[in-house]
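Here the protein sequences come in this chain order: A and B. In terms of the numbering used here, the first sequence opens at residue 476 and continues consecutively. In terms of the numbering used here, the second sequence opens at residue 7 and continues consecutively.
Derived from the structure by calculation, the hints contain no laboratory data. Don't take every hint at face value.
What the hints assert, rightly or not - In the EDC-like style, the derived pairs of lysine to aspartate or glutamate whose C-alpha atoms are separated by at most 20 angstroms in a straight line are:
1. K289/B to D243/B
2. K183/B to D637/A
3. K540/A to E189/B
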Amino acid sequence: MKRGFAGIVTLVVMALSILALAVRVGEPAPNFTATDSNGKPHTLSSYRGKFVVLEWHNQGCPYTKKHYESGNMERLQKEWTQKGVVWFTVISSAPGTQGYVTAEQENDYMRRMNAAPTAALLDPTGDLGHLYDAKTTPHMFIISPDGVLIYDGAIDDKPTPDPADIATSRNYVSLALTEAMSGKPVDTPTSRPYGCSVKYAH
Amino acid sequence: MAQRNRFLIPTSCLERQIKLVANFLSRTLTTTCRQLSGRLRRERVRVGLALVLAGMTASVSAGEPSVAIPHGTVELMSEQQSIQPGQPLVLGLHFRLEPGWHIYWINPGDSGEPPRLEWRLPAGLRAGDIEWPEPHRLPIPPLLDYGYEGEVLLPLRIENTAGLAPGKTATLAADMKAIVCREVCVPAKAQLSLVLSASAERPRKSAETAALFDAARKAMPKPAPANWCVAAKDLGDSFELTVHTAAASSQVWFAPLDPLVIENAAPQKTVSSKTEIRLILRKSDQLLKPLSRLHGVLVMPQGAYMIDAPVAPAPTKQFR
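With the hints as constraints, model all of the structure from the sequences given.
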């Protein structure tokens with residue numbers, strides 16, 4: 476049962492070897508296939524035509540808690556998925572580290588928090604995290620309908636674990652999605668992705 | 007002395023320039039070094055703060071209580087025993103953390119955030135920014151952070167135009183927020199305060215805190231010496247930082263002051279000779295625009311030096 480999770484994420488090998496260099500705004504986002512907490516595989520390229528958000532997640536991280544316990548992240552997930560955005564929460568915590576969850580634990584957490592991503596991708600090997608060079612929780616990426624990375628960075632401009640800062644912060648993800656959906660260039664396409672380090676296996 | 011140093015700048019840069027002419031780059035770098043030396047003189051004034059109170063005599067003083075935070079304590083300390091009307095003073099934020107736990111530098115690197123202070127000071131007192139001692143590299147593969155493990159004192163200067171009557175006391179208070187991390191992170195908050203009595207006499211140094219302030223001063227990045235020649239170049243996917251100095255070392259690394267400039271965890275290729283340090287710094291994948299200045303700290307075995315070099319643009323043929 477536990478061993479099964481080690482292999483739960485199967486990445487497109489070609490993407491890994493060709494694009495091992497860099498994930499960079501303005502360039503094609505590396506393709507991947509990853510399995511969600513209900514056992515369903517998702518392949519990025521099959522979502523062409525839609526905006527895709529990747530949200531790196533660790534439920535024990537104070538910076539993640541800031542956005543979940545305040546309801547901010549859940550609100551964003553609802554708002555943007557209702558507007559047709561595909562939102563993947565990605566969990567790259569290795570087994571035995573903070574934020575690692577089984578599929579059941581993740582589903583339980585999402586129910587409890589009223590979280591509403593399209594799916595939560597389980598990445599205990601860290602392959603998807605390494606492919607995107609995901610550094611922190613929450614580190615956010617946005618992929619355009621034609622498969623190009625258009626945002627790579629923080630969720631907002633207040634790099635603190637304090638929920639009181641949310642009200643006065645500029646949410647980079649909402650701004651980028653709003654701009655891109657109305658055909659405008661993204662004003663802030665990168666920012667320092669603040670938060671806890673992603674708990675990769677060593 | 008100063009004149010001799012100034013004289014040395016063009017000489018040492020001249021050698022460099024001769025080489026660079028061969029590389030069709032001399033014009034850019036002549037400007038680079040001249041601008042830099044002027045900039046460094048200005049920076050010296052800014053960083054000289056820690057030395058302002060150097061001449062004071064030591065004496066005994068009661069320690070201020072430290073406040074418990076997760077995995078350690080934090081304390082607001084004064085270098086001096088009393089406050090003199092109209093005279094600035096130096097305070098320090100002293101962290102003591104359990105083994106393996108750390109706080110962060112002004113640029114925390116790939117994760118974390120630096121400690122922040124919100125001050126409540128009597129009228130006439132104004133707190134300056136934290137002065138950051140040289141950072142340590144904190145690798146958490148595949149990431150890298152910059153910060154301080156265990157014990158560190160972060161000094162800062164308080165400007166003082168208050169005409170406090172001798173015998174009166176001043177309460178200096180601050181709300182501190184930080185994140186304390188090992189493998190995991192825990193937010194830390196503390197209400198800190200310090201009471202100092204006003205005295206018309208020149209304040210005496212506190213014997214209890216003197217060693218801590220001295221250590222912090224020693225670890226403070228210094229302005230790059232005037233006879234160094236510092237240049238930065240955009241190589242497309244990386245920056246080349248070159249420092250001409252008689253004190254070259256291969257045990258050297260660069261910490262950027264700003265985020266999204268270099269890949270913090272990428273190995274820094276060092277090519278050093280007796281008189282030259284050359285570092286190849288991989289650009290951050292998140293850096294989308296040309297960088298005008300490379301700004302940070304060069305950490306060497308004998309101490310850290312401030313670097314602020316204009317970046318010569320990439321050669322016209324740029325492969326990406």
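Inset, instruction - Hints the structure violates: just list their numbers, smallest first. - result: Hints that this structure does not satisfy do not exist here, as all of them hold.
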